[in-house]
Amino acid sequence: MRILRFRRFWALTAVLVVVLCTSAWAAFFRPDVRPGYGVTRLGWLSDYHAPLRGTHLDAPVYYIEGEKAGATMLILGGAHPRELAGHVAALIAVENARAVEGRLIVVPALNASGYGIRDLATNIPRFHKVECRSGFRYLPFGDRRVDVADQGPDPVQYKHQSGAIIPNSRGKDGNEMRNINRCYPGLPDGTPTQQAAYAVMELVRKENVGLAVDMHEADTPSWYLSRKTGEVQQGGRLAYMLVCNPKEKAMELGAEAVMNVGANLGMELKMEPSNRAFRGLSHLEIGDATDCLSFLFETPTPALDDWRENPDILTDRTYPIEHRAGLHQEVFQELVRLYNESHEERLVLEGLPTYQVLVEQGIAAWLN
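Take the sequence shown: its position 221, counting from 1, is numbered 238 in our numbering, and each next residue is one higher.
Derived from the structure by calculation, the hints contain no laboratory data. Glycine included, each C-beta is placed from N, C-alpha and C at the ideal position. Hints are supplied without guarantee of correctness; some may be wrong.
[What the hints assert, rightly or not] Here are the computed lysine-lysine pairs in the DSS-like style, where the Cα-Cα straight-line distance is at most 27 Å:
hint	residue 1	residue 2
1	LYS85	LYS287
2	LYS176	LYS264
3	LYS85	LYS223
4	LYS287	LYS223
5	LYS287	LYS266
[Stated by the list, open to error] Label pairs and their calculated CB-CB ranges:
hint	residue 1	residue 2	range
6	ASP308	GLN251	33 to 43 Å
7	ALA138	ASP64	28 to 38 Å
8	ASN385	ALA86	41 to 51 Å
9	ASP308	ARG334	34 to 44 Å
10	TYR54	GLU377	20 to 30 Å
11	ASN140	GLY191	21 to 31 Å
Work out the full structure: start from the sequences and follow the hints.
What follows is the structure in C-alpha coordinates.
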(Lines of atoms letter the chains of each structure in order from A and count residues from 1; the text may use other names and numbers.)
(Lines give C-alpha, C1' and ligand atoms only; values in the text may rest on other atoms or scores of the structure.)
Protein backbone atom coordinates (compact mmCIF):
# COMPACT_ATOMS: atom_id res chain seq x y z
CA MET A 1 0.00 0.00 0.00
CA ARG A 2 2.84 2.37 0.90
CA ILE A 3 4.56 1.65 -2.44
CA LEU A 4 1.32 2.33 -4.28
CA ARG A 5 0.95 5.66 -2.47
CA PHE A 6 4.49 6.64 -3.42
CA ARG A 7 3.78 5.73 -7.05
CA ARG A 8 0.64 7.85 -7.00
CA PHE A 9 2.58 10.73 -5.40
CA TRP A 10 5.31 10.70 -8.05
CA ALA A 11 2.73 10.29 -10.83
CA LEU A 12 0.87 13.35 -9.58
CA THR A 13 4.17 15.19 -9.18
CA ALA A 14 5.11 14.39 -12.76
CA VAL A 15 1.76 15.68 -14.03
CA LEU A 16 2.18 18.86 -11.99
CA VAL A 17 5.68 19.42 -13.41
CA VAL A 18 4.35 18.97 -16.95
CA VAL A 19 1.52 21.43 -16.29
CA LEU A 20 3.87 23.99 -14.77
CA CYS A 21 6.38 23.62 -17.59
CA THR A 22 3.65 23.94 -20.17
CA SER A 23 2.45 27.13 -18.52
CA ALA A 24 6.01 28.45 -18.33
CA TRP A 25 6.69 27.72 -21.97
CA ALA A 26 3.51 29.51 -22.92
CA ALA A 27 5.03 32.71 -21.52
CA PHE A 28 7.71 34.61 -23.41
CA PHE A 29 11.19 33.29 -22.67
CA ARG A 30 13.82 35.53 -21.07
CA PRO A 31 17.47 34.41 -20.71
CA ASP A 32 18.64 33.67 -17.18
CA VAL A 33 20.66 36.63 -15.85
CA ARG A 34 21.78 36.67 -12.21
CA PRO A 35 23.15 40.14 -11.37
CA GLY A 36 26.12 40.44 -9.06
CA TYR A 37 26.62 42.95 -6.25
CA GLY A 38 28.13 45.47 -8.66
CA VAL A 39 24.81 46.04 -10.44
CA THR A 40 23.27 49.20 -9.04
CA ARG A 41 20.06 49.31 -11.05
CA LEU A 42 18.07 47.59 -13.79
CA GLY A 43 16.40 49.26 -16.74
CA TRP A 44 14.94 48.39 -20.14
CA LEU A 45 15.46 49.39 -23.75
CA SER A 46 11.97 50.84 -23.56
CA ASP A 47 13.31 53.45 -21.13
CA TYR A 48 14.89 54.96 -24.23
CA HIS A 49 12.01 54.30 -26.62
CA ALA A 50 8.66 53.85 -24.90
CA PRO A 51 6.80 52.02 -27.74
CA LEU A 52 8.98 48.93 -27.06
CA ARG A 53 7.49 48.52 -23.59
CA GLY A 54 5.49 45.34 -23.25
CA THR A 55 6.80 43.90 -26.53
CA HIS A 56 9.15 40.97 -27.15
CA LEU A 57 11.72 43.46 -28.44
CA ASP A 58 12.19 45.09 -25.04
CA ALA A 59 15.45 43.94 -23.43
CA PRO A 60 16.81 44.35 -19.88
CA VAL A 61 19.65 46.84 -19.35
CA TYR A 62 22.05 46.50 -16.40
CA TYR A 63 23.94 49.43 -14.86
CA ILE A 64 27.19 48.95 -12.93
CA GLU A 65 27.96 52.36 -11.43
CA GLY A 66 30.91 53.53 -9.35
CA GLU A 67 30.76 56.02 -6.51
CA LYS A 68 33.16 58.27 -8.40
CA ALA A 69 31.95 59.82 -11.68
CA GLY A 70 33.83 58.89 -14.83
CA ALA A 71 33.41 57.50 -18.34
CA THR A 72 30.39 55.45 -19.44
CA MET A 73 30.93 52.36 -21.58
CA LEU A 74 28.55 49.86 -23.15
CA ILE A 75 28.64 46.11 -23.79
CA LEU A 76 26.10 44.68 -26.23
CA GLY A 77 25.66 40.90 -26.12
CA GLY A 78 23.13 38.67 -27.81
CA ALA A 79 22.40 40.76 -30.90
CA HIS A 80 22.48 37.37 -32.62
CA PRO A 81 21.27 34.79 -30.06
CA ARG A 82 23.03 31.89 -31.77
CA GLU A 83 26.42 33.54 -31.09
CA LEU A 84 26.82 32.29 -27.53
CA ALA A 85 30.19 33.70 -26.45
CA GLY A 86 29.10 37.33 -26.65
CA HIS A 87 26.13 36.58 -24.42
CA VAL A 88 28.31 34.66 -21.94
CA ALA A 89 30.94 37.42 -21.83
CA ALA A 90 28.18 39.96 -21.12
CA LEU A 91 26.75 37.69 -18.39
CA ILE A 92 30.19 37.47 -16.77
CA ALA A 93 30.31 41.28 -16.68
CA VAL A 94 26.82 41.61 -15.16
CA GLU A 95 27.45 38.88 -12.58
CA ASN A 96 30.98 39.88 -11.49
CA ALA A 97 32.00 43.43 -12.40
CA ARG A 98 32.15 46.24 -9.86
CA ALA A 99 32.77 49.84 -10.89
CA VAL A 100 35.16 51.91 -8.80
CA GLU A 101 35.01 54.88 -11.14
CA GLY A 102 32.67 55.54 -14.05
CA ARG A 103 29.83 53.38 -15.27
CA LEU A 104 29.42 50.20 -17.30
CA ILE A 105 26.10 49.51 -19.03
CA VAL A 106 25.43 45.96 -20.24
CA VAL A 107 22.68 44.60 -22.48
CA PRO A 108 23.39 40.83 -22.37
CA ALA A 109 20.48 39.68 -24.55
CA LEU A 110 19.85 42.49 -27.01
CA ASN A 111 17.71 40.53 -29.47
CA ALA A 112 15.15 39.52 -26.87
CA SER A 113 12.75 38.27 -29.54
CA GLY A 114 15.33 35.95 -31.11
CA TYR A 115 15.88 34.21 -27.77
CA GLY A 116 12.21 33.26 -27.76
CA ILE A 117 12.61 30.81 -30.67
CA ARG A 118 15.09 28.13 -31.74
CA ASP A 119 17.74 28.78 -34.36
CA LEU A 120 15.98 28.19 -37.69
CA ALA A 121 19.27 27.54 -39.56
CA THR A 122 20.54 24.62 -37.45
CA ASN A 123 19.38 21.71 -35.31
CA ILE A 124 21.33 22.92 -32.28
CA PRO A 125 19.26 22.62 -29.07
CA ARG A 126 17.83 25.77 -27.51
CA PHE A 127 19.25 25.19 -24.03
CA HIS A 128 22.66 24.05 -22.83
CA LYS A 129 23.24 22.94 -19.24
CA VAL A 130 26.32 24.31 -17.50
CA GLU A 131 27.64 24.14 -13.96
CA CYS A 132 27.92 27.42 -12.10
CA ARG A 133 28.65 28.73 -8.61
CA SER A 134 25.14 28.00 -7.35
CA GLY A 135 24.70 24.62 -9.03
CA PHE A 136 23.63 24.50 -12.67
CA ARG A 137 21.79 26.68 -15.15
CA TYR A 138 20.94 26.71 -18.85
CA LEU A 139 22.50 28.94 -21.48
CA PRO A 140 20.10 29.85 -24.31
CA PHE A 141 20.64 29.42 -28.04
CA GLY A 142 18.21 31.30 -30.26
CA ASP A 143 17.78 32.57 -33.79
CA ARG A 144 19.92 35.19 -35.52
CA ARG A 145 16.92 37.38 -36.31
CA VAL A 146 13.87 38.77 -34.58
CA ASP A 147 10.96 36.30 -34.61
CA VAL A 148 8.81 36.90 -37.68
CA ALA A 149 5.77 36.67 -35.39
CA ASP A 150 6.98 39.82 -33.63
CA GLN A 151 7.40 41.83 -36.83
CA GLY A 152 5.35 40.41 -39.66
CA PRO A 153 6.18 39.10 -43.14
CA ASP A 154 9.54 39.92 -44.71
CA PRO A 155 9.88 42.00 -47.86
CA VAL A 156 11.39 40.37 -50.93
CA GLN A 157 14.50 42.50 -50.49
CA TYR A 158 15.73 44.51 -47.53
CA LYS A 159 16.56 48.12 -48.24
CA HIS A 160 18.25 50.01 -45.41
CA GLN A 161 16.66 53.29 -44.26
CA SER A 162 19.50 55.12 -46.05
CA GLY A 163 18.31 53.61 -49.33
CA ALA A 164 21.27 51.22 -49.55
CA ILE A 165 20.73 47.59 -50.46
CA ILE A 166 22.45 45.42 -47.86
CA PRO A 167 25.19 43.47 -49.73
CA ASN A 168 24.08 40.04 -48.48
CA SER A 169 20.44 40.88 -49.08
CA ARG A 170 20.18 40.18 -52.78
CA GLY A 171 17.28 38.32 -54.31
CA LYS A 172 15.02 36.92 -51.60
CA ASP A 173 16.95 37.82 -48.45
CA GLY A 174 14.38 40.22 -47.08
CA ASN A 175 14.64 38.46 -43.72
CA GLU A 176 17.69 40.60 -42.96
CA MET A 177 15.15 43.28 -42.12
CA ARG A 178 14.79 41.34 -38.85
CA ASN A 179 18.54 41.43 -38.17
CA ILE A 180 19.12 44.13 -35.55
CA ASN A 181 22.74 44.47 -36.68
CA ARG A 182 21.56 45.56 -40.10
CA CYS A 183 19.04 48.10 -38.80
CA TYR A 184 21.11 50.82 -37.12
CA PRO A 185 20.65 53.72 -36.55
CA GLY A 186 17.03 52.64 -36.52
CA LEU A 187 13.80 54.58 -36.75
CA PRO A 188 11.42 55.67 -33.97
CA ASP A 189 8.42 54.75 -36.13
CA GLY A 190 10.00 51.88 -38.11
CA THR A 191 9.68 48.11 -37.82
CA PRO A 192 10.07 46.58 -34.34
CA THR A 193 13.69 45.69 -35.18
CA GLN A 194 14.42 49.22 -36.35
CA GLN A 195 12.85 50.56 -33.16
CA ALA A 196 15.08 48.31 -31.03
CA ALA A 197 18.14 49.64 -32.89
CA TYR A 198 16.85 53.18 -32.39
CA ALA A 199 16.53 52.52 -28.64
CA VAL A 200 20.20 51.49 -28.50
CA MET A 201 21.15 54.72 -30.27
CA GLU A 202 19.09 56.71 -27.78
CA LEU A 203 20.80 54.89 -24.91
CA VAL A 204 24.22 55.84 -26.33
CA ARG A 205 23.14 59.47 -26.75
CA LYS A 206 21.33 59.98 -23.46
CA GLU A 207 23.89 58.16 -21.32
CA ASN A 208 26.83 59.82 -23.10
CA VAL A 209 28.51 56.49 -23.85
CA GLY A 210 32.19 57.00 -24.66
CA LEU A 211 33.02 53.47 -25.86
CA ALA A 212 30.80 50.60 -27.03
CA VAL A 213 31.65 47.00 -27.91
CA ASP A 214 29.18 44.75 -29.74
CA MET A 215 30.13 41.10 -29.05
CA HIS A 216 29.60 38.64 -31.92
CA GLU A 217 30.75 35.30 -33.30
CA ALA A 218 31.58 34.04 -36.80
CA ASP A 219 32.31 30.68 -38.39
CA THR A 220 35.67 29.18 -37.47
CA PRO A 221 38.79 29.49 -39.67
CA SER A 222 39.17 25.69 -39.66
CA TRP A 223 40.02 23.83 -42.87
CA TYR A 224 37.32 21.44 -44.05
CA LEU A 225 36.16 19.36 -47.01
CA SER A 226 33.44 21.25 -48.86
CA ARG A 227 30.34 19.22 -49.60
CA LYS A 228 29.55 21.47 -52.56
CA THR A 229 32.90 21.45 -54.36
CA GLY A 230 34.63 18.40 -52.89
CA GLU A 231 37.68 20.57 -52.26
CA VAL A 232 39.48 21.39 -49.04
CA GLN A 233 38.93 25.01 -48.08
CA GLN A 234 39.22 27.32 -45.10
CA GLY A 235 36.40 28.82 -43.09
CA GLY A 236 35.46 32.48 -42.91
CA ARG A 237 37.82 35.40 -42.33
CA LEU A 238 35.85 37.29 -39.66
CA ALA A 239 36.86 35.22 -36.62
CA TYR A 240 39.33 37.03 -34.33
CA MET A 241 38.46 40.33 -36.04
CA LEU A 242 38.00 43.66 -34.28
CA VAL A 243 35.94 45.94 -36.51
CA CYS A 244 36.43 49.62 -35.69
CA ASN A 245 34.44 52.67 -36.65
CA PRO A 246 36.58 54.60 -39.17
CA LYS A 247 37.08 57.53 -36.78
CA GLU A 248 40.80 58.14 -36.27
CA LYS A 249 40.57 57.73 -32.49
CA ALA A 250 38.68 54.44 -32.78
CA MET A 251 41.13 53.09 -35.36
CA GLU A 252 44.14 54.00 -33.22
CA LEU A 253 42.61 52.46 -30.12
CA GLY A 254 41.58 49.32 -31.98
CA ALA A 255 44.99 48.82 -33.60
CA GLU A 256 46.79 49.06 -30.29
CA ALA A 257 44.30 46.76 -28.56
CA VAL A 258 44.69 44.08 -31.23
CA MET A 259 48.49 44.26 -31.07
CA ASN A 260 48.59 44.14 -27.27
CA VAL A 261 46.11 41.30 -26.81
CA GLY A 262 47.65 39.31 -29.66
CA ALA A 263 51.16 39.70 -28.21
CA ASN A 264 50.07 38.91 -24.65
CA LEU A 265 48.17 35.77 -25.61
CA GLY A 266 50.32 34.61 -28.51
CA MET A 267 47.42 34.80 -30.95
CA GLU A 268 46.92 36.47 -34.29
CA LEU A 269 44.08 38.96 -34.00
CA LYS A 270 42.95 41.16 -36.87
CA MET A 271 41.48 44.61 -37.27
CA GLU A 272 39.62 46.41 -40.02
CA PRO A 273 37.58 49.61 -40.36
CA SER A 274 33.83 49.60 -40.89
CA ASN A 275 32.88 49.44 -44.56
CA ARG A 276 30.85 52.57 -45.23
CA ALA A 277 29.14 50.84 -48.13
CA PHE A 278 27.73 48.24 -45.75
CA ARG A 279 25.04 50.15 -43.86
CA GLY A 280 23.15 49.24 -40.72
CA LEU A 281 25.93 47.76 -38.58
CA SER A 282 26.46 48.88 -35.00
CA HIS A 283 30.15 49.75 -35.23
CA LEU A 284 29.56 52.05 -38.22
CA GLU A 285 26.26 53.69 -37.36
CA ILE A 286 26.81 54.25 -33.62
CA GLY A 287 30.22 55.81 -34.22
CA ASP A 288 29.06 57.95 -37.13
CA ALA A 289 25.97 59.31 -35.36
CA THR A 290 27.55 60.00 -31.95
CA ASP A 291 30.88 60.80 -30.28
CA CYS A 292 31.09 57.18 -29.08
CA LEU A 293 34.09 55.05 -30.11
CA SER A 294 32.31 51.95 -31.38
CA PHE A 295 33.67 48.47 -32.02
CA LEU A 296 32.52 44.95 -32.86
CA PHE A 297 34.57 41.87 -32.00
CA GLU A 298 34.12 38.42 -33.55
CA THR A 299 35.18 35.11 -31.99
CA PRO A 300 35.00 31.74 -33.81
CA THR A 301 32.11 29.41 -33.00
CA PRO A 302 31.56 25.86 -34.27
CA ALA A 303 27.82 26.66 -34.32
CA LEU A 304 28.25 28.63 -37.55
CA ASP A 305 30.29 26.00 -39.41
CA ASP A 306 27.70 24.58 -41.80
CA TRP A 307 29.98 21.61 -42.54
CA ARG A 308 29.78 20.29 -38.96
CA GLU A 309 27.06 17.72 -38.32
CA ASN A 310 26.88 18.04 -34.53
CA PRO A 311 28.81 21.13 -33.45
CA ASP A 312 29.83 21.30 -29.81
CA ILE A 313 29.27 24.91 -28.82
CA LEU A 314 30.54 24.55 -25.25
CA THR A 315 33.46 22.11 -25.10
CA ASP A 316 34.88 21.95 -28.63
CA ARG A 317 38.58 21.08 -28.27
CA THR A 318 39.77 24.00 -30.41
CA TYR A 319 37.08 26.58 -29.74
CA PRO A 320 35.64 25.99 -26.24
CA ILE A 321 33.36 28.60 -24.73
CA GLU A 322 36.08 29.67 -22.25
CA HIS A 323 38.40 30.55 -25.12
CA ARG A 324 35.75 32.56 -26.92
CA ALA A 325 34.17 34.37 -23.95
CA GLY A 326 37.65 34.92 -22.53
CA LEU A 327 38.76 36.67 -25.71
CA HIS A 328 35.72 38.94 -25.62
CA GLN A 329 36.58 39.87 -22.05
CA GLU A 330 40.27 40.40 -22.82
CA VAL A 331 39.64 42.65 -25.83
CA PHE A 332 37.02 44.68 -23.99
CA GLN A 333 39.25 45.16 -20.95
CA GLU A 334 42.18 46.21 -23.13
CA LEU A 335 40.02 48.75 -24.97
CA VAL A 336 38.95 50.15 -21.60
CA ARG A 337 42.56 50.35 -20.40
CA LEU A 338 43.69 52.18 -23.53
CA TYR A 339 40.69 54.52 -23.41
CA ASN A 340 41.56 55.40 -19.81
CA GLU A 341 45.12 56.31 -20.83
CA SER A 342 43.94 58.93 -23.30
CA HIS A 343 40.90 60.41 -21.52
CA GLU A 344 40.42 62.34 -18.31
CA GLU A 345 37.16 60.54 -17.56
CA ARG A 346 37.84 56.87 -16.91
CA LEU A 347 36.09 53.58 -16.29
CA VAL A 348 37.77 51.58 -13.53
CA LEU A 349 36.39 48.07 -13.02
CA GLU A 350 37.12 45.28 -10.56
CA GLY A 351 36.09 41.64 -10.47
CA LEU A 352 36.44 40.64 -14.13
CA PRO A 353 38.54 37.62 -15.17
CA THR A 354 41.41 37.73 -17.63
CA TYR A 355 41.51 35.38 -20.60
CA GLN A 356 44.00 33.08 -18.85
CA VAL A 357 41.92 32.90 -15.67
CA LEU A 358 38.71 32.13 -17.55
CA VAL A 359 40.39 29.41 -19.61
CA GLU A 360 41.93 27.84 -16.49
CA GLN A 361 38.88 28.05 -14.25
CA GLY A 362 36.08 27.68 -16.80
CA ILE A 363 32.91 29.73 -17.05
CA ALA A 364 31.43 27.78 -14.12
CA ALA A 365 33.59 29.79 -11.72
CA TRP A 366 32.26 33.07 -13.12
CA LEU A 367 28.52 32.49 -13.41
CA ASN A 368 26.17 32.81 -10.44
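* Can you list which hints this structure breaks, lowest number first? -> Of the numbered hints, 1, 4 and 8 do not hold.
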